[in-house]
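**Q** Single-letter residue listing:
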Amino acid sequence: MYGWMGRILRVNLSEEKIKYEVTPEHLAQKYIGGNGFGARILWDELRKGIDPLSPENKLIFAAGPLNGTLWPSSGRLHAAAKGPLSNAWGEGNCGGGFAPYLKFAGFDAVIIEGTSKKPVYLYIDDGVAEIRSAENLWGKDVWETHDLLKKEIREDIHTAIIGPAGENKVRIASIMVDKYAAIARSGLGAVMGSKKLKAIAVYGTRKIRLHNKYKFYEKSVEAIKKLLSHPFSESVKKYGTTILVNLMNEIARYPTRNLQSGYFEEFEKLSAEILKDSYRVGEGSCYGCPLHCKKRHKVLSGRYACEGGYGLEYETLDAYGGRIGNSNLEAIIYANQLTNRLGMDTDDVGGVVGFMMELYEKGIINKEFTNGLEFKWGDPEILIKSIEMIAYRRGIGDLMAEGTHRLALRIGGEALIYDMTVKGVDIPSQDGRAQKSMGLSHAVANRGADHLTSAEFLSEVGWPDAILERFEERAKKIYGRSIMPEGADRLSPVFKPLMVIDSENFAALVDSLVLCKFVTHWPPVFYFKDIAEALTYATGIRYTEEDVRVIGERIYLLERAFNLREGLSSKDDRLPERLLREPAPAGPCKGHVVELDDMLKEYYRLRCYDDRGYPSYEKMKEVGLEDVAKELGIQPY
Amino acid sequence: MPVVKRLFGDGSKCVGCNICMMTCPMVNFGEEKLSKSKIKIIDNDPNGFRINVCNNCGICMWNCPENAISIVNKSILIDEALCTLCGVCVEVCPTKSIWITSELPIPNKCVTCGACVDNCPTGALKMTEMEIKPIYKV
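Sequence order for the protein chains is A and B.
Going by our numbering, the first sequence opens with residue 24, and the numbers climb by one from there.
Going by our numbering, the second sequence opens with residue 5, and the numbers climb by one from there.
Bear in mind the hints are in silico, worked out from the structure with no lab data behind them.
Just so you know, even glycine gets a beta-carbon here, dropped at the ideal spot from N, CA and C.
Possibly wrong hints are sitting among the right ones.
[What the hints assert, rightly or not] List time: in silico DSBU-like cross-link candidates among lysine-lysine, alpha-carbon distance up to 35 Å: (1) B:LYS78 with A:LYS248; (2) B:LYS40 with A:LYS248; (3) A:LYS174 with A:LYS71; (4) A:LYS408 with A:LYS163; (5) B:LYS78 with A:LYS238; (6) B:LYS17 with A:LYS174; (7) B:LYS130 with A:LYS540; (8) B:LYS9 with A:LYS260; (9) B:LYS37 with A:LYS242; (10) B:LYS100 with B:LYS44.
[Stated by the list, open to error] Ranges of calculated distance between the beta carbons of each label pair, as one might list FRET restraints: (11) A:LYS71 with B:SER16: 47 to 57 Å; (12) B:PRO98 with A:ILE564: 25 to 35 Å; (13) A:ASP179 with B:SER106: 14 to 24 Å.
Start from the sequences and build out the full structure, keeping to the hints where you can.
**A** What follows is the structure in C-alpha cells.
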C-alpha cells in the first residue's frame, strides 16, 4: 500500500487491550481516509440508538493518504464519533501536526472503544502504543497538560487533549490538538471525556511510502506555487480568517445579537487591521501549509492581559463579538484563550451565551434563574464567567453545558423561538439570510448547522470564473440555461442547491484526504481533477476525476445514512424560524429571508431523496452503498 | 579566498510549516523522512521559530584531518571515499548543523542545492554567494 501506512490502531479502554489491525485495502480504496474511515467504521460497528456518552460509542481519529506529504495544507486530523450534541453523526477536524505524526508513527487511524475505569492517556511511539495512567493530569487544563506531557515523554511529541470541560462531559467540549488547534464542533471532547481518556500523544519517525514520489514531488511543488500565486492568498497570509470580520459586515453576514441581525455596528473595533497592529506578536502555520493563517496574538497589559496564543479565528471573533454584542477585542482574546485552555467550542459557547442574553432581554428568564448574573448584551465579564461556569458545570453553567438546544427545551415555551440551532448544533458565524446557499448548507449539513460540510463560498463574494468553470456545463445539462448571473448572486436561491451539493461532495472528499478547506474552497484553487492526480501519484491507484467525485458523494451519503439510522429525517433539515420569517434588518440583504422550502425541494430532487429524506436505492447503488441501503430498508423501484 | 554558496535562515520570517524539512530529504534522498532533513525548524522557542541550517562557513572543511571535505561547484561537500567518520567536523561545527547518523554513510550536511529556498513560502531562507576565510580550531 502506498500513501497509507497500512495499520489501524484499536484501543479498548474497558479491557485495556491494544490491537494492531491491517488497514483493509477496500476500505482505503473506497473511503480514502479521514471522514471516510470514520463513517464506514461507525456505520459497521455502532449499534443504532446508543448513548453517545456511553462506553458503546467509538471515537475515531483518522488521517488520510496525503497527510504528512509535501502536498500543501495536508496537516489536518479528522475525528468522528456519534455526537453528543446532535445525537447523530458527529465529526470535526483540525490543523496542527498530529495527523502527519500519527502516520510517521505508522498508523492511518486510531479507534478508541470502551471506557476506562481510571483516567488514562495513550502514547503512540513509532508503531507501538501504550495506555498510561493520567491521574496526575486529570483536572488540569489543556496547556498545562500539554506542557506536562512534553516534559514527561519528549519535547517533540504532538498531542490531542481534552480540558476540564471534556472531563465534565460538557456537550460543547472540544478536543485540543497541539495546544491551539481545536476539533471543536459536535462536542467530541465530551465523548473523549466519557471514555476517561485525557490525552493522546504521538511521535514517529517512519517514512510515508509514495508510489511515484518524484512525480508527486513535482506536482506538490507546482501546487504550492499555484496556491501562493492566487491573488487571494496574499490576504490569507497577511490576516488569516480575521479579515472576514470586515468583509462579512459589508455583506451583512456577521451574526449579531443571536442572529437578530447580520450587521454589527461596532465591527470596526474588531477589524483585522487593529488585531494585526495592536496584538499580533508572531505567525505560525499548521504542518506543511504555505498559507500560514495562524497568527499569534497577545494582550500585554490591563484586565485582559494574557498569552493568547496562535489562531484567533473569524468564528471566535463573531461568537464572542457580534453574536453577544461585545466589541471589546482584548476580552475576546482573553476569552478565546480561556476557552482553549478549558477545551470548548467557541462557536457553541458564544451561541449559548447569546441565547441567554436574548432571553434575558426579552424577560423570559430572570436573575434568579441565572444565579444573579445580568446577561446584558455586550458584557465581556458575563462571557468570561459563563465560560468557567460551563466548563466546570457550576450553577446555571450546568444547564448551559448541555448546549443551546437542550437548554431551550428545558426552559420551554417562548425560549424555543430564540433557539438558533439545527440538529442541536449552534449555527456558526454565517447568517443564511445574507447568503442563501449558506442557509441551505446549515439546514442539511450532516453534523448539524455547519458551514464547512458544504463550504459553498463561491457565491459569497463572487468567484465568477470558478463558478463558470465548475457549473456551466451541468447547469446547461440540468436546467438548459447558463449558471450566470444567478449563480454568482449570493442573494438568489436559484442554482444554489446544485452548487451546495457539489461543494458537499467535494468537502467530503477533502475531509477524507485530510486537507484544509483553505486551499480547496476558499480560495478555490484545487478541484476534483487536481486531487485525483495527486492521489494517483501518491497511492498508485488510478483515480479519475469521476472516481473521486463518486467517493465524495459516497462518504456524504454514508454520513447521511448514519443520521437516518439514528432516526433523523427530512423534518430535521430545518432552520430556526427566525431565519425563515424575520427579514434581515440591515445591509445589502435587507428584507431577505432564507427561501428554504424552494431550495430544499430542489436539493432533495438533485440528491434523489424522497420526502422522508431517504436517498433512492438507485443512487445508493450508483455510489456503491447497496448494503447500507438494504440495512436502511430502502427498496429499489 | 574561495567563493561559496551560503544559506541563511531568518527565524523572524519562519512560520514553522515544515515544507523545507519535507523538501530536503525528498530532493537529496528521494524519500520524505524528516529525520534525514539537513535543515531543521526548532519550534520550542517561546518567541517564534529558529532555523538550524548549515551556512557553509567552511570550518568543517578547514579542520577535516582527512581532507575529505572540499569545495565543488561553490558547494562544500564531503567525499564519501575519504571520510572516516572521525567526527571532527561534527565537533567543530558552530551551528550544530552537521551530524553523524546510522541512516547515512557520511555525516549529514547541507549540500546547498537550494530546493528549500525555492519552496519556502515566506522567503525566510536566502542563498547568496560569499567569500569564506579559513578558520582553524584546535
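**Q** Would you mind marking each hint as holding or not holding in the structure?
**A** Here's how the hints hold up against the structure:
no. : hint                               : result
1   : B:LYS78 with A:LYS248              : holds, 27 Å
2   : B:LYS40 with A:LYS248              : holds, 24 Å
3   : A:LYS174 with A:LYS71              : violated, 42 Å
4   : A:LYS408 with A:LYS163             : holds, 19 Å
5   : B:LYS78 with A:LYS238              : holds, 29 Å
6   : B:LYS17 with A:LYS174              : holds, 28 Å
7   : B:LYS130 with A:LYS540             : holds, 30 Å
8   : B:LYS9 with A:LYS260               : holds, 30 Å
9   : B:LYS37 with A:LYS242              : holds, 18 Å
10  : B:LYS100 with B:LYS44              : holds, 11 Å
11  : A:LYS71 with B:SER16: 47 to 57 Å   : holds, 55 Å
12  : B:PRO98 with A:ILE564: 25 to 35 Å  : violated, 48 Å
13  : A:ASP179 with B:SER106: 14 to 24 Å : holds, 19 Å
Violation of the numbered hints given earlier is confined to hints 3, 12; the remaining hints are satisfied by the structure.
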